[in-house]
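Colleague: Listed here are the chains, written in short residue letters.
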Amino acid sequence: MNRNFVFSSESVTEGHPDKLCDQVADAVLDRFLQQDPFSRVVTDCAVAKGILFIASRYASRASVDVPDTARQVISQIGYEGEDFNARTCTVMTSIGELADRSQPAVDESVLDNQGIERMTARNMANVFGYACTQTPAMMPLPIWLARKLARRLASVRRQRSFSYLAPDGKTQVGIEYRDREPVRIHSITLIASQVRGQNISPDRMREDLYEAVVRPTFIDEAIAPDGKTSFHLNPEGPFLVGGPSLHSGLTGRKNAVDTYGEYSRHGESALSGKDPSRIDRVGAYAARYAAKNVVAAGLATECEVQLTYAIGQSHPVGLQLETRGTGSMSDDEIAARVLRVFDFRPAAIIRDLGLRHLPNRTKGGLYRRLAAAGHVGRLDIGLPWERIDRAAVLRDS
Amino acid sequence: MNILSEFLVDRSVSPTASRNGASADQDAAVTVMHAAVRGRVRVNVSGLRNSERMKRAIEVMLTGHTWVRSASASPITGNVLILFDANKELALVIAEVAAIVRHAHTSLPATEISAARKPARPARAATARIEPALPSTPWHRMEVNEVGLLLNSSLTLGLAEHAARLALERFGPNTLPKPAPRSSLSILLGQFNSLPVLLLGASAVLSAATGGMADAVVILGVVLLNAGIGFVTEREAERTIESLMSHSQPVALVMRDGRVREVHGDSLVPGDVLTLSPGTYVPADARLIQVRELTIDESALTGESIPVRKSPEPRLGADVTLGERTNMVYMGTVVTGGSGLAMVVATGAATELGMIQALVGQARPPETPMQRQLDRLGTQMVWLSGGICMLVFGIGLLRGYGFLQMLRAAVSLAVAAVPEGLPTVATTTLSLGIRSMRRHNVLVRRLDAVETLGSVQVICLDKTGTLTINRMSVLALQADLEPIKVNQAGLYGEGGRIDPYARDGVLRLLHVAVLCNETQLSRHRDAYVLNGSATETALVQLAIDCGISVNGLRQHYRLDTVEYRAEHRNYMSTLHLTEDGHRLLAVKGAPAEVLGLCRWHMKDGVRHVLTEQERARVLEENARMAGHALRVLGFAYAEGACSEDPITYDLTWLGLAGLADPIRSGVKELIGLFHQAGIRTVMITGDQSATAYAIGKELGLNGNGQLDILDSMHLESTDPEVLSAVAQKVHIFSRVSPANKLEVVQALQHAGLVVAMTGDGINDGPALRAADIGVAMGSAGTDVAREVADVILEDDELGTMILAVSEGRTIYNNIRKSIHYLTATNLSEIAVMLSSISLGMGQPLNTMQLLWINLVTDVLPALALAVEPPEPDVLRQPPRDPSEPIIRKQDLMRFGSESLVLTAGTLAAYVYGIARYGIGPHAGTLAFTTLSVSQLLHAYSCRSDTHGVFSKERLPPNRYLNLALGGSLALQAGTLFVSGLRGLLGLVPPSPLDLAVIATGASAPFLINEATKTLRSKRRHALTSTPSIATSAAKREGNRTKEARG
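Chains as they are written, first to last, in our numbering: chain P, 281 to 677; chain B, 1114 to 2159.
It is worth saying that the hints were derived from the structure and are not from the lab.
Incorrect hints may have been included.
[Said to hold, decoys possible] With the C-beta cut set under 10 Å, the calculated list includes, among others, these residues of chain B facing chain P:
{"hint": "1", "residue": "1269"}
{"hint": "2", "residue": "1270"}
{"hint": "3", "residue": "1493"}
{"hint": "4", "residue": "1736"}
{"hint": "5", "residue": "1737"}
{"hint": "6", "residue": "1741"}
{"hint": "7", "residue": "1807"}
{"hint": "8", "residue": "1809"}
{"hint": "9", "residue": "1810"}
{"hint": "10", "residue": "1822"}
{"hint": "11", "residue": "1835"}
{"hint": "12", "residue": "1842"}
{"hint": "13", "residue": "1848"}
Using N, Cα and C, we set each Cβ at its ideal position, and we do this for glycine too.
All chains should be built: construct the whole structure from the sequences, respecting the hints.
Modeller: Here it is as structure tokens:
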């Protein structure tokens, strides 16, 4: 295995069309779960040519104004320009009610072991969870920094520090590794869209971006840009308008941004827009929960957990655990411990992580906030799967 | 309003241009071209060339003045011809034009001006987008006293009487220009404008020239008869429409010289101070001066059925839509509550309503294809029969017949063979259709609309007023924690019907609903008139329906103070005092908040503490009602204590009321019928998408699949290509402003669909006109909607629409049947003549015989076929493919083969005649009679493409056809047995054997044709080739594109 390398991860701001679609899908989910925690919802979203397409299938007692939810998201993200804004954009919703009541709404928190056993996976899925010691959040450094830059960029725009900034933006951070440890920042790329009609010189904008976005990001970071770090701030010149009027967006196209920035593997299916009964979503959270606790327990400095689910079975049919040689014991032994400590059955995941009631317990809804800035490795909201409460049990079992 | 502002803001355009001046020197934009005649001037306007918008602006604005008789602007030459009152100064006219032009130049966006210089792009007639109206003076952005200053009027005293007179002269009466109805002459001339009719005329002339006066007279008679029938029916229809227009002249209360006066609505002028009172129409556009709880129903203008609360404050920003201009009131809207004073800022054509009416003129309906097709078919038949007649003529000459004899024979053959009945049959059938629909209270405004009705593929339904009854009603209650359903018949709880007087909880709820309520109640004749907000009125209405004496209750509990709902206080409360010093606090508002104030609830007349479970039950019911798109209110009360702030009370919870604009009865079933008939239904609503979804689901708009909703307030900014692509899937367009209905219709049409659209608001005009079938409601609709609609449902029942569709389809089928009959029989006449002359068997039919066949056998059965009753499965079939010609190639092939069978029968009889009697009148009599009778029998064959004498399912009987055939057969017998008639036609009496031959020669073709029909229809069933809408739409779109290019 190559131990010295450069690895880069990208992230996008919440105004990026793909991310916008993720957020709309999850905002709809939040609304449903807030009214009826046992809703079954699948929402997909696409945006093109200023039209937002939302397909939502659900079985729920809740009544949700889907276009209204979408407009709120667009408005909160800050699209105000003529090309695309919350008020005038067209929203096409395709709403279907799920007739399939084969698995009626049940409260997983009151099920006994047999009840949980009966709640089988309804999708085939390979889900991945990863954790490492590169950052306090136990995330790989490239995605951690890329996300941080993106959030900084978005908040600078939201605070209207620079009136010319538009919501769409993209960041990329390249990290140089030596012996699989991050040692320096190789390169930073920042692409920030700007609104129409404000003539701002590219140099001025680069300076603003560096001072307001890049520099503050690294204040509390162990590794900061050095003299040789190359910066690419809007390298191709002004990026006018950006957003859905320029390029299209689709739910589930930013899975790497949502997870580990491709530093580890990640699942192919979208995370956003799916209610907790979808194992392809919550499985990923459970896998992260397990991986993070393994690292927190000191059993390894990095750990990737992969679970495979099959339709009709409640336990995952496969579990792979990979520590890339950093484990304090064999991967098989760690995997055995993980299986003893964690219950990966779908209903058990929902119960243990309290997934149905999170939107009600988190201000402004939970899932939308996941979609905006990453589903794992978040320190800003208390996510159940970021807890390291099982580390001690793992170490001692 | 633009002219007005020009004049007031900038008085530099003074009417001083000299009569003979070649140019108006104040403004180089207007040049006088010709002004020699008094009251008539031609001016050249720079910027008018290639600008349709400028043309409209000039025409609309100018004709808004009484002293302008007509104004026509040509975007091609850039000239405007104005006819005006000869007493008026020419200079005034020119100043007026100059003002309009300058305003248009400053208000039109730069792109429009530059575009005007380029040659205009050819717009497609069917889908031309409407350009927005000229922006009007932003009165809503001014302070009230600014408005007064501008209009030289006083906010307190109003206009001076003489100033009002002067203004009336300048601005003209406050009336909307009525679209001119079609003149009788144009209807009459329209009757002669078809090729077969012209050819008939030409052949009449030829007949007269060659000595066939009788033929000429007969031919002319046929032509005139056709025209007469068409003229009478079309004019009748036009008259009925005109009679529908209401010409009410409302009066208005205005302030003149400081006194309140009642004046006619049409004599209002800008500057008048207007008093607004509930239940009256707003007679002109006006800026509010002061109000007291004024609410206005602007649905005629904006389609929004919930009244808008108005106030003179604040000054509004630039970018507010018509519906958001809360400091303005508009002509045509209705005061639903409160009162107010307002200053008139625009009258007549300059009002928003007038602008919209002017806009309506722009959208042109796509032409229905049948008239075009019939013309084309007629022309083809003319060429075909003309060619064959030439051929007969040539062969006859070669065979050695005399020139004149052959010319006359050829001409009579042409007359006989040209299906001149074709336009007549179509016109008559369509007008009969109009009559018959009239009996079902469906008024059809255009002849071809009948035919389009049959091909409708999508119907766009306006939610408010069409699907719903356009009145908020209480549909559900929760009292004593029990859910109660409300309908016209009464209240129904879990245990059945509820008598509100037997249930204390229900009664208390209703009492509080009435008391905490500002609805004004007055008696008008036998009915109560309620004035108030839609929600509160509904609550009072429910109380009245339950038998509660509202006035008595309010007298007993005298209103002391009212606390309105505020920003963070989503409930209102009223404090009431009784004679004996008793106090009652009534509270109504958002259920969760009201519930939060409550500590108690009533159960069977006893006060209990509200438990957590009971609170949860209330909230659950609240959520359930909201999920059914109901607007939910909670009610509570307290007695005895002194404060008027509900927070200090421990309120007693009463229950919930859920309100909505209820769906009309029978609409759901109707939607099902539309779907069964293969017609897609699309709902257009201004509602939020959640409400729209609940209604769409209840109505079953989606059939069984998912429900697709397009939610947009600005459809006009959506890419038309994209809109057209998605529109084909959409079941509901939500949050759509009425003006955007046009975009919906055009998007669907762009996808190649035949679109019907219902509407009754003023703003629906452009969409109604653009739709292939615009449907307006008779009594609920506005004049504009009725004027532009193709179909008016007089009883306001959408259900009759399905009858209209059935009728439309039947009529189309019947016209096909008539054409089928006419074509097949005419071809057989030609074939008989052609074959016998070319075979050297003489001329079987003489001129008079040909005309007889033409008159007797052609017209009557064809007319009778046109009134066939509907075939049994007409509403179970998908709509016909609109791209498919009325007569397809395979139809023509079949008509041809049928005519050959008919010809064979006649020729067989003729050959028998020649063999027995030789060439001459005897053989001719056999041929003539056989052909006539076989043609009459063929009429039965034409009754259906699928059902025949050999098929199992019987068609419903057609009395008219039986009568026509009976009569015709009797006449035919007359030719043989009445000697005078026989002599005129050159016939001889037949022998019994001849009669037997005639009978065989006539009935054998009938049986053969019926047998082949049964076989064919079986084969077709096996293939079941119904073209899908998608492919037909693609084809139709192709055709449209071709037409556009052509």
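Colleague: Hints first: check each against the structure and report whether it holds.
Modeller: Quick rundown of the hints versus the structure:
Restraint check, residue 1269 of chain B versus chain P: the minimum CB separation of about 40 Å is more than 10 Å; hint violated. Hint on residue 1270 of chain B is violated. Least Cβ distance to chain P is approximately 42 Å, over the 10 Å limit. Look at residue 1493 of chain B: its Cβ only gets to about 45 Å from chain P, farther than 10 Å, so that hint breaks. Against a cut-off of 10 Å between C-beta atoms, the interface hint on residue 1736 of chain B holds, since the closest Cβ of chain P lies about 7 Å away.
Residue-level restraint check for residue 1737 of chain B holds (minimum Cβ-Cβ distance to chain P is 8 Å; threshold 10 Å). With 10 Å as the threshold, the beta carbon of residue 1741 of chain B comes within range of chain P, its nearest partner Cβ sitting at about 8 Å, so the hint holds. Hint status for residue 1807 of chain B relative to chain P: holds, with the closest Cβ pair at about 7 Å, below 10 Å. The interface hint given for residue 1809 of chain B holds, since its Cβ lies 9 Å from the closest Cβ of chain P, which is under the 10 Å cut-off.
Taking 10 Å as the C-beta contact cut-off toward chain P, the hint placing residue 1810 of chain B at the interface holds, the least distance being around 8 Å. For residue 1822 of chain B, the shortest C-beta to C-beta distance to chain P is roughly 5 Å, which falls under 10 Å, so the interface hint holds. This hint holds: residue 1835 of chain B has a C-beta 5 Å from the nearest C-beta of chain P, less than the 10 Å allowed. With a cut of 10 Å, the hint placing residue 1842 of chain B at the interface with chain P holds, because the nearest CB-to-CB distance is about 8 Å.
Interface restraint check for residue 1848 of chain B: the shortest CB-CB distance to chain P comes to about 8 Å, inside 10 Å, so the restraint holds.
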